[in-house]
Amino acid sequence: MNFSVLIAKTYDDPTQSISWLVPKIGELIYGGIASLLVFFMLFKFGWPAAKKALETRTATIQKELDDSAAARRDAENDAANIRKALSNIDSDRAKMLAEADANVASMLSEGRTRIAAEVAELEARALAEIAASRARVGDELRAEIARYAAIATADAVRASLDNQTQQELVDSFIAKVGASR
Amino acid sequence: MSSQQVTAYVNAMFEIAAANGAVAIVEDEMFRLARAYESNEALRSSLSDSTLPTDRRQKIVEQLLAGKAHNVTVQLTSLLVGTGHVSLLPEVADALVKRASSEKQLEVAEVRSAVALNDAQKSRLAEALSKATGKKLNLKVVVDPNVIGGIVATVGDEVIDDSIRTRLDQVKSRF
Chain A
1095 MNFSVLIAKT
1105 YDDPTQSISW
1115 LVPKIGELIY
1125 GGIASLLVFF
1135 MLFKFGWPAA
1145 KKALETRTAT
1155 IQKELDDSAA
1165 ARRDAENDAA
1175 NIRKALSNID
1185 SDRAKMLAEA
1195 DANVASMLSE
1205 GRTRIAAEVA
1215 ELEARALAEI
1225 AASRARVGDE
1235 LRAEIARYAA
1245 IATADAVRAS
1255 LDNQTQQELV
1265 DSFIAKVGAS
1275 R
Chain B
62 MSSQQVTAYV
72 NAMFEIAAAN
82 GAVAIVEDEM
92 FRLARAYESN
102 EALRSSLSDS
112 TLPTDRRQKI
122 VEQLLAGKAH
132 NVTVQLTSLL
142 VGTGHVSLLP
152 EVADALVKRA
162 SSEKQLEVAE
172 VRSAVALNDA
182 QKSRLAEALS
192 KATGKKLNLK
202 VVVDPNVIGG
212 IVATVGDEVI
222 DDSIRTRLDQ
232 VKSRF
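Line by line, the protein sequences give chains A and B. Each residue of the first sequence is one higher than the one before, counting from 1095 in the numbering used here. Each residue of the second sequence is one higher than the one before, counting from 62 in the numbering used here.
Keep in mind that the hints were calculated from the coordinates and are not lab data. Hints should not be assumed to be uniformly reliable.
With a straight-line Cα cutoff of 30 Å, these simulated BS3-like cross-link-like pairs (lysine-lysine) come out [claimed, not checked]: (1) A:Lys1178 <-> A:Lys1189; (2) B:Lys197 <-> A:Lys1270; (3) A:Lys1270 <-> B:Lys129.
None of the values given here were measured: they were computed from a predicted structure.
Using the sequences plus the hints, can you model the full thing?
Set out below in structure tokens:
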């Protein structure tokens, strides 16, 4: 059943009370005009406020979205920077380790060279001292042997010189001196 | 100071010996006594020992030389001991010999021999050294066992050495 049929049936029976759904025409006109006024007032005064509120809310949401995007970009930049810094740290660490290894290798090399030179110098000095000591001991031994040999020779000669030989030595001296001029 | 003391002693000794007419004997005995003093450690310590009383040391000298040396020699040696200058004995004796020799225009010839020389050897040696050096000599013979054999003669600055000791030293220096 359509709406026009329903209205027609209602007005056909005057005994019927006011329809719970279809008002009288006057009420409908007044009601319609009032409704239009209400709509007009709503359109005139409510809509701009609502529109402004919506625009404000939209702007707020957009701003929040923009801020979020900016924050995300910042975060991504920070993350990129951190990753880059991490990469730099790794690079620096590797560089420092390489430099430390190089320094250690250089120090070890220099140390080995210096120690080898010192050892060689000590060996040379020790050999020289040994040679000098050997020569000195040899000289002392020779001198000692010479001293004992001289003492032994003097004793042997003294024992072998009897009085006759002594007199012969004296006479020989006198003869040599006398014959010198 | 020592040189002045030696000169003073020598002058005094020479005058005393000359006054007694015993210069030759005294200087010869003093020379031999000086050599004995140099070579004999016991004699040197006894005569130099300041812990012994002076008269005791003088008594040692007198007992040692009694009947073996001229009285003037004994008295002069005793004088040195008494004045505490016995350590000057070698220098005094040598200077006295030199003084006595110079009075006779003689040069002192000190001869060191391992054995004693007899008079004939001394005479021949003096003649030979005089011939060799061209000087008149006052021969002083010292028996020195360190010579071992042969003779070392010193006339002034000239040394004539034909001793076994020197030959052994030459051999030793070649080692």
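Structure-based check of each hint:
1. Distance restraint check for Lys1178 of chain A and Lys1189 of chain A: the Cα-Cα separation of roughly 16 Å lies within the 30 Å cut-off, and the hinted pair is therefore satisfied.
2. For the proposed pair Lys197 of chain B and Lys1270 of chain A, the alpha carbon gap of about 19 Å is at most 30 Å, so the pair holds.
3. About 35 Å separates the Cα atoms of Lys1270 of chain A and Lys129 of chain B, which puts this hinted pair outside 30 Å; it is violated.
Violated hint for the displayed structure: number 3, the only one.
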